Every structure is written in structure tokens, then in C-alpha cells.
Amino acid sequence: MSRKRPTDDGDELLARLGSLTAQARERAELQRSRVELALALQRGMLPRDLPAAPGFRLAVQYAPACHGLNVGGDWYDAFAMPDGRIGLSIGDVQGHNIEATAFMGQVRVGLRALASVTSEPGELLARTNDLLLSLGSDLFATCTFMRLDPATGLLESARAGHIPCVWATADGKSGVAEDECGPPLGVQEGMDYPVTRYRLTKGGVFVLLTDGVVEGPTLSVEEGLDQVVRLAGIAAVAGMTADSLAAAVIKGAERVGHEDDAAVLVVGHDGLTAPDVPLVQP
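Number 117 in the UniProt record's numbering belongs to position 117 of the sequence shown; there are no gaps in the numbering.
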């Protein structure tokens, strides 16, 4: 009976190890390529530029989840409307995969397109909700849409299942917006979305964010919002820029204890509103 020599067994073992190593390297490269594709798709759907208005500053920060294929559908958007007002949106799509990212793009584009038909925040969310349902997707999204009038500082806001925004004024007041919230987009037809109106005063800020900023295993949403309220209050009193506040808020997202998308959109007022418009704080 013939028997393989020890050197033959060693060569066979090395060949198998080499094959397994090559397969593992190939799978790792494929995974990395898929992650890079998902992140590129995600970032490509976010706006490159923000609109400008005298006396107002917009700032954003975005930290995508990029562990494995855990790429989510958080977004922010800001765009100028024909009547001179500015549309602002922020939201979060259910799920953490490429499908969620694609659905995020549909929601964002839908909001922009329908804003040319109606910019009234409540009606806009209602129309977007019906549009998403007509697409037949199983996904849904939470969203806040605001309409800012730079001439008066008036902010009109409607929420679809999204966490509330945070506000602060230059005289030291700050808090979480107490407005009525409608259901998420893409769940049920014929929903209403109440509109709440605020006046953004000189030195004041509004902070729109997604739950990845304030909620996780080590931080409850209430604790996370309180953290942002403190940061916004300090920023308004100290006269910090919108960019500095947005950076501080996204930095605080590291405390939530999980790997999720995090998006922040800050609206700051560093100029004067029209003199004949009374200033009413939130």
C-alpha cells in the first residue's frame, strides 16, 4: 500500500490554505465594494449646496453608518422656493440597507417635486404620503418639513412620525418643540399633518435632527434631546455660528452607543427681521 510522503501532505495543506485565503480576500473586496457603492449612492442623494438668505445661516452635519452593509436612509435637504422662502426637510427611512437608501432618494425627490405644487408643510407631507403609497413599497419614513420665510423669520413646521426639533433664543431660553405630530409617511392613506408656526428671532436657532443623534443603547431619546437643548442654549447665548453648533451636536451623537446614521440641520438667525413684524419666540 502506498502512502503519501509528509512533504506531499504539507504541500496539499498549504495549497488549501492558499485557496481559502484567496476566497476570503475576494469576499472582503466584494463586501468593501458593496459598502463603497452604498455610501456613494447615499451621499449622492444629499444636496451639495445649501440656499442662502440674508440674516440666516444653514449648517448640516452627516455621519453615515458604514459597518458592513448597515447603510441607512437618513437625509437632510434645504432648497429655495420660487416665492423666496426656503424649504427644509430631515428624515429617516425604516431599515439599514441599499433599499432604504434608494427609498430615501424617492422621498427627498418627492418632497422637492411636490413643493412646486404646494409648499404648505402639512399639505406637502400629505401629498408625499399618498405618492409613496402609490409606489407600492413596504418601507416608510419619518420626516419633518419646515418652510422658512427669511423676510419675517416665520417658520412653519409639520412632522410625520419624526422626533421633534430643538430651539433656543439669544436671551437664554431653550427647549424641545411641542407640536402635534402626524403618522410616518407611507403607512396609511388620507393622513393629516398639523402645522405649527414659530418665529425665529435674532440670535436664535432651530436644530432639526434624526434619532441616530439622540437615541441608542446608552442614551434614551429624552436624555439625547436634553443634551441637544443644552448645546443649543449655550450656542445661542454665546453667539456661536450655525456650523459650530451643528458640529457640536453631531459630536454628541457618539454617546448614543450604536452604529446608526446621524443627521443634523441647524437654522440660525444672525440678522434682523422686518421691522414691522412682531417677534414671537417659540
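Just so you know, the hints here were simulated from the structure itself, not pulled from any lab data.
None of these values were measured; they are calculated from a predicted model.
One or more of the hints may lead you astray.
As the list claims (entries may be wrong) - No farther apart than 30 Å at their CA atoms in a straight line, the calculated lysine-lysine pairs in the BS3-like style are these: (1) Lys251 to Lys173; (2) Lys202 to Lys173; (3) Lys251 to Lys202.
What the hints assert, rightly or not - Pair ranges (Cβ atoms, derived): (4) Ser134 to Arg255: 35 to 45 Å; (5) Thr218 to Pro54: 33 to 43 Å; (6) Asp243 to Thr152: 38 to 48 Å; (7) Ser244 to Pro54: 30 to 40 Å; (8) Glu189 to Lys251: 35 to 45 Å; (9) Glu254 to Gly55: 30 to 40 Å; (10) Asp83 to Asp226: 34 to 44 Å; (11) Ala151 to Pro47: 16 to 26 Å; (12) Ala247 to Asp226: 35 to 45 Å.
For each residue, glycine too, the CB sits at the ideal point set by N, CA and C.
*Given the hint of 35 to 45 Å, check if Glu189 and Lys251 actually sit that far apart at their C-beta atoms.*
This hint holds: roughly 40 Å between Cβ atoms.
_Need the status of pair Lys202, Lys173: alpha-carbon distance at most 30 Å?_
OK: Lys202 and Lys173 at ~13 Å, within 30 Å.
*Is the hinted pair Lys251 and Lys202 satisfied, with a Cα-Cα distance of at most 30 Å?*
Given pair Lys251, Lys202 holds - Cα atoms ~25 Å apart, limit 30 Å.
*Does the Cβ-Cβ separation between Ala151 and Pro47 fall within 16 to 26 Å?*
At roughly 23 Å between Cβ atoms, Pro47 and Ala151 fall inside 16 to 26 Å, so the hint holds.
*Could you tell me whether the CB distance from Asp243 to Thr152 stays inside 38 to 48 Å?*
violated, 24 Å
*Does the Cβ pair Thr218, Pro54 satisfy 33 to 43 Å?*
holds, 42 Å
*Hint check for Gly55 and Glu254 - Cβ pair distance inside 30 to 40 Å*: Roughly 32 Å apart at Cβ, these two residues keep to the hinted range, so it holds.
*At the C-beta level, are Asp83 and Asp226 separated by a distance inside 34 to 44 Å?*
holds, 37 Å
*Keeping to a limit of 30 Å between CA atoms, is the pair of Lys251 and Lys173 held or broken?*
The hint holds at about 23 Å.
*asked:* Is 35 to 45 Å respected by the C-beta to C-beta distance linking Ser134 and Arg255?
replied: holds, 40 Å
*Range hint compliance [Cβ, Ala247 to Asp226, 35 to 45 Å]*: Once the Cβ atoms are compared, 19 Å apart, the range 35 to 45 Å for Asp226 and Ala247 is violated.
*Just tell me: holds or violated, for the beta carbon distance of Ser244 and Pro54 against 30 to 40 Å?*
violated, 20 Å
The earlier numbered hints that this structure contradicts are 6, 7 and 12.
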